[in-house]
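All chains should be modelled from the sequences, with the hints used to inform the complete structure.
Here the protein sequences come in this chain order: A and B.
If you read the first sequence in my numbering, its first letter stands for residue 1, the second for the next number, and so on.
If you read the second sequence in my numbering, its first letter stands for residue 206, the second for the next number, and so on.
Be aware that one or more of the hints could be misleading.
Said to hold, decoys possible - Partial list, computed: chain B residues near chain A (C-beta under 8 Å):
no., residue
1, Ala257
2, Thr302
3, Arg321
4, Gln322
5, Gly325
6, Pro331
7, Ser342
8, Asp373
9, Glu388
10, Thr391
11, Leu398
12, Asn401
Claimed, not checked - Each pair of labels, with its calculated beta carbon distance range:
no., chain 1, residue 1, chain 2, residue 2, range
13, A, Arg154, B, Thr302, 54 to 62 Å
14, B, Trp268, A, Glu23, 29 to 37 Å
15, A, Arg134, B, Arg343, 29 to 37 Å
16, B, Asp295, A, Ser162, 20 to 28 Å
17, A, Glu142, B, Glu354, 32 to 40 Å
18, B, Ser306, A, Leu143, 32 to 40 Å
19, A, Pro65, B, Arg309, 26 to 34 Å
20, A, Ala188, B, Glu228, 32 to 40 Å
It is worth saying that the hints were derived from the structure and are not from the lab.
A virtual CB, placed ideally from N, CA and C, is assigned to each residue, including glycine.
2 protein chains.
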Amino acid sequence: MFTNAEPSGGPVRRGRGRRPADEVRAGVLRAAVELLTAEGLPAVTFDRVAAAAGSSKNTLYKWWPSAGALAAEAYFARSEAALRFPDTGDIETDLRTQLRSFVRLLTADEGGPVIRQLIGAAQMDPALWREFSRNYSRPRRELARAALERARARKQLREGFSLDIVVDQLWGACYHRLLIPDEPLTLAFADELVDNVLRGARADP
Amino acid sequence: MFTNAEPSGGPVRRGRGRRPADEVRAGVLRAAVELLTAEGLPAVTFDRVAAAAGSSKNTLYKWWPSAGALAAEAYFARSEAALRFPDTGDIETDLRTQLRSFVRLLTADEGGPVIRQLIGAAQMDPALWREFSRNYSRPRRELARAALERARARKQLREGFSLDIVVDQLWGACYHRLLIPDEPLTLAFADELVDNVLRGARADP
Numbered sequence: 001m002f003t004n005a006e007p008s009g010g011p012v013r014r015g016r017g018r019r020p021a022d023e024v025r026a027g028v029l030r031a032a033v034e035l036l037t038a039e040g041l042p043a044v045t046f047d048r049v050a051a052a053a054g055s056s057k058n059t060l061y062k063w064w065p066s067a068g069a070l071a072a073e074a075y076f077a078r079s080e081a082a083l084r085f086p087d088t089g090d091i092e093t094d095l096r097t098q099l100r101s102f103v104r105l106l107t108a109d110e111g112g113p114v115i116r117q118l119i120g121a122a123q124m125d126p127a128l129w130r131e132f133s134r135n136y137s138r139p140r141r142e143l144a145r146a147a148l149e150r151a152r153a154r155k156q157l158r159e160g161f162s163l164d165i166v167v168d169q170l171w172g173a174c175y176h177r178l179l180i181p182d183e184p185l186t187l188a189f190a191d192e193l194v195d196n197v198l199r200g201a202r203a204d205p
Numbered sequence: 206m207f208t209n210a211e212p213s214g215g216p217v218r219r220g221r222g223r224r225p226a227d228e229v230r231a232g233v234l235r236a237a238v239e240l241l242t243a244e245g246l247p248a249v250t251f252d253r254v255a256a257a258a259g260s261s262k263n264t265l266y267k268w269w270p271s272a273g274a275l276a277a278e279a280y281f282a283r284s285e286a287a288l289r290f291p292d293t294g295d296i297e298t299d300l301r302t303q304l305r306s307f308v309r310l311l312t313a314d315e316g317g318p319v320i321r322q323l324i325g326a327a328q329m330d331p332a333l334w335r336e337f338s339r340n341y342s343r344p345r346r347e348l349a350r351a352a353l354e355r356a357r358a359r360k361q362l363r364e365g366f367s368l369d370i371v372v373d374q375l376w377g378a379c380y381h382r383l384l385i386p387d388e389p390l391t392l393a394f395a396d397e398l399v400d401n402v403l404r405g406a407r408a409d410p
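Structure follows, in structure tokens:
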């Protein structure tokens, strides 16, 4: 709007209204994740993110259906590297490594509270839920299922049951202890989970 | 307060300010569960529950640390009967029956949304979380653990692993599909869970 009111051209036309969309988007995501980890999900409002990123609130409304959806995208863009799925050829090693990384993330000062808040808020914010599913839980389920399918092809897992169930029995069990914390979420729990699930899922020798 | 301003005694003294506490409490819980199932958790505010129950808001503040905690107590007081733990002497039958009842509750129009909202809100409301744990998740975990211990004593389950893990692998897996619904929560899923978990947990014949 200022650029329209200023007909003299030059630097004003290259002002903040004209930053490339990718750059604006990256700045918004950075500002959102900083607010999220410093102050928690309730601090991630379109007002505060726009102010911190020096962007217009209208842009944020155009790009994200809710502030929760923006928070989810910002968070998962950053945590992705910590949760790669290993592929050593041995499913027990890979599941143990991956589940331990997951438990470390969920019990970290930065990870646990944020994920609890995102899943919590998603129960009443369909846009946040879709973002969580699209950017995080569904791709992560697919990575796990692909690893389990490779293990079955190598005859490490028996036939005759849905591999998706293993995802719920491992990662679902960890989320259970995160969200309804009656019992502690520990690395020892992750190890015992893998033992117990594989005992039921392993192909007969 | 009206009773104090009215020195003539008689019926006024037996007015609504003097109802026995148990009766008031039951009325408040009834009003809360009606609001909760009709309109969802956001409708359960101290204002609206007090108005619906004809009670004073001060009483509600005195008895419950948050409106969410009140909603949780109200809901669980009502759903308890639907979730009794059977004891036929056969752990497979009992787990299957109980997990099917649980899935039916979570997928019912009335149960699923309310439980999702309670667990969701609990992630940012410590009083609601304590109420959820005290009145619901912890006693239910203990019932399941006791059933699993009886089965182990009958040599139906092997030694050498924590029975608590089975609770996370069965009920936790169902909560996972309720709260992060990338895959459907069905009775067939419950049956396959019990099969898979027992295959890993059963004592050798």
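Check the structure against each numbered hint from earlier and tell me which ones fail, lowest number first. 1, 2, 6, 10, 13, 14 and 20
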